[in-house]
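There are 2 protein chains.
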Amino acid sequence: MPVLPEPIHNLIHAFERLPGIGPKTASRLTFYLLRTQDDIGEELAEALVALKSATSLCQVCFNITLAGQEVCEICADARRDDSSICVVEEPLDVLVLEQTGGFQGKYHVLHGVLSPIDGIGPESLKIRPLVERVKNGVIREIILATNPSMEGDATALYLRQQLLPYGIRITRLARGLPVGGDLEYADQNTLLRALAGRQEMS
Amino acid sequence: MPVLPEPIHNLIHAFERLPGIGPKTASRLTFYLLRTQDDIGEELAEALVALKSATSLCQVCFNITLAGQEVCEICADARRDDSSICVVEEPLDVLVLEQTGGFQGKYHVLHGVLSPIDGIGPESLKIRPLVERVKNGVIREIILATNPSMEGDATALYLRQQLLPYGIRITRLARGLPVGGDLEYADQNTLLRALAGRQEMS
Numbered sequence: 150m151p152v153l154p155e156p157i158h159n160l161i162h163a164f165e166r167l168p169g170i171g172p173k174t175a176s177r178l179t180f181y182l183l184r185t186q187d188d189i190g191e192e193l194a195e196a197l198v199a200l201k202s203a204t205s206l207c208q209v210c211f212n213i214t215l216a217g218q219e220v221c222e223i224c225a226d227a228r229r230d231d232s233s234i235c236v237v238e239e240p241l242d243v244l245v246l247e248q249t250g251g252f253q254g255k256y257h258v259l260h261g262v263l264s265p266i267d268g269i270g271p272e273s274l275k276i277r278p279l280v281e282r283v284k285n286g287v288i289r290e291i292i293l294a295t296n297p298s299m300e301g302d303a304t305a306l307y308l309r310q311q312l313l314p315y316g317i318r319i320t321r322l323a324r325g326l327p328v329g330g331d332l333e334y335a336d337q338n339t340l341l342r343a344l345a346g347r348q349e350m351s
Numbered sequence: 150m151p152v153l154p155e156p157i158h159n160l161i162h163a164f165e166r167l168p169g170i171g172p173k174t175a176s177r178l179t180f181y182l183l184r185t186q187d188d189i190g191e192e193l194a195e196a197l198v199a200l201k202s203a204t205s206l207c208q209v210c211f212n213i214t215l216a217g218q219e220v221c222e223i224c225a226d227a228r229r230d231d232s233s234i235c236v237v238e239e240p241l242d243v244l245v246l247e248q249t250g251g252f253q254g255k256y257h258v259l260h261g262v263l264s265p266i267d268g269i270g271p272e273s274l275k276i277r278p279l280v281e282r283v284k285n286g287v288i289r290e291i292i293l294a295t296n297p298s299m300e301g302d303a304t305a306l307y308l309r310q311q312l313l314p315y316g317i318r319i320t321r322l323a324r325g326l327p328v329g330g331d332l333e334y335a336d337q338n339t340l341l342r343a344l345a346g347r348q349e350m351s
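Chains P and C, in that order, are what the protein sequence lines are. Going by this note's numbering, the letters in the first sequence line up with residues 150 to 351, in that order. Going by this note's numbering, the letters in the second sequence line up with residues 150 to 351, in that order.
It should be emphasised that the hints constitute simulated quantities derived from the structure, not laboratory data. Just so you know, not all the hints are guaranteed correct.
A pair holds if it fits inside one copy or across any two, identical chains being indistinguishable in the list.
[To be verified] Straight-line distance between alpha carbons at most 25 Å, and here's what the computed SDA-like set of lysine to any residue pairs gives: (1) Lys201 / Gly316; (2) Lys173 / Val245; (3) Lys275 / Leu183; (4) Lys173 / Ser233; (5) Lys284 / Leu206; (6) Lys173 / Glu238; (7) Lys173 / Ser298; (8) Lys173 / Thr339; (9) Lys201 / His162; (10) Lys173 / Ile276; (11) Lys173 / Ile189; (12) Lys284 / Asp230; (13) Lys173 / Arg289.
Please take these sequences and the hints and turn them into a complete structure.
As structure tokens, then:
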């Protein structure tokens, strides 16, 4: 390894710790920041410092919100449907669903999925507060929007068992071929689910 | 666009300003940093702040060096060959060449290439100091290692003209097929250069 000044080495190393950023990209970003006249590096540093100090979790749905706000903007929005709750794994999932504009209800963020191998049981997730919301609230439908993965499915199954006693509608996002996809490139499982879930044309 | 707390929006925006990082990756990195228990964000912020304040340019070769150091580690290294200088566009190119371990001489970083469209003429680059080094020094060979692009070639051509009067050897990195490459996937220009530069098998 050739001699690199320490500040450069440190920044390359820091970038490398981010997911999906390898040594080449880390070097490229670092040397880009060295070269640029802009304040990109300063802006990024400030935003990083502010990230954790200026945010907290909504006390209702556990989505990210501004520090000091007890309830997030979505939970506080009276125009949104209180009776329908979409349960997701991560705050990023809320963002992705909001961008579709297809859901007018409220959310509940689990902050993970059940994964016994990693020691993540029901107590590590925001499951008890969800059950409390269902118990106390006006909720009529829970949409389980955990990822279509093994852990996501297991978590959805567990949640269904927990919520069944309350007599509400419990749904899961549809599986099938992605829009714009190609039958030829679909994996077997997706194709099986698409076949099993086939719908009448009207 | 849905409501995102401002600190999150700011960090996504700051990541997006980096080259090669789009909105999806920027969101993913931001929410990863929110979720992680590590000090990755803090480390990155510190490294970013230190980057420009703790580095400066070597007064001989214009590579990046520690602030306060007049001459970089490579230029200061007495074991390296003073008579051979490798001219590159960017500090990152020095790193890449050093990693090969195939060059024992010294470097000269131009900090860009000639690009009249962008208003970058010879005066914007570290060309005059290179000519001075050749004039005063013990240099016997200049390796022009600018990129094999149109601008890199034009810059190499210009440098050759400037350096010709000093009667030193002026070379350019070889063109041809990349090692491990496949004839089938090589572009026409590379194939033409590989043909023209064919070498006797010994």
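How the hints compare with the structure:
1. In this assembly of identical chains, Lys201 and Gly316 lie within 25 Å of each other by CA distance neither inside one copy nor across copies; the values are 39 Å within and 61 Å between.
2. Taking CA atoms no more than 25 Å apart as the test, Lys173 paired with Val245 passes between copies only; the shortest distance there is 10 Å, against 29 Å inside one copy.
3. In this assembly of identical chains, the alpha carbons of Lys275 and Leu183 lie at most 25 Å apart only when taken from different copies (16 Å versus 43 Å within one copy).
4. For a Cα distance limit of 25 Å, the shortest separation of Lys173 from Ser233 qualifies neither inside one copy, at 46 Å, nor across copies, at 27 Å.
5. Taking CA atoms no more than 25 Å apart as the test, Lys284 paired with Leu206 passes inside one copy only; the shortest distance there is 21 Å, against 65 Å between copies.
6. Only between protomers do Lys173 and Glu238 lie at most 25 Å apart by alpha-carbon distance; the minimum there is 17 Å, versus 31 Å within a single protomer.
7. Taking identical chains as interchangeable, the C-alpha atoms of Lys173 and Ser298 lie at most 25 Å apart only when they sit on different chains, with a minimum of 20 Å there against 31 Å within one chain.
8. Within a single copy, Lys173 and Thr339 get their C-alpha atoms only as close as 35 Å, which misses the 25 Å cut-off; across copies the closest is 24 Å, which meets it.
9. Taking the closest pair of Cα atoms, Lys201 and His162 come within 25 Å of each other both inside a single copy (21 Å) and across two copies (16 Å).
10. Taking identical chains as interchangeable, the C-alpha atoms of Lys173 and Ile276 are never at most 25 Å apart, the minima being 41 Å within one chain and 28 Å between chains.
11. Taking the shortest Cα distances, Lys173 and Ile189 sit within 25 Å of each other both inside one copy (20 Å) and across copies (19 Å).
12. In this assembly of identical chains, Lys284 and Asp230 lie within 25 Å of each other by CA distance solely inside one copy; the values are 17 Å within and 78 Å between copies.
13. Proximity of Lys173 and Arg289 under a CA criterion of 25 Å is satisfied in neither setting, with 51 Å inside one chain copy and 33 Å between copies.
Of the numbered hints stated above, those contradicted by the structure are hints 1, 4, 10 and 13, listed in ascending order.
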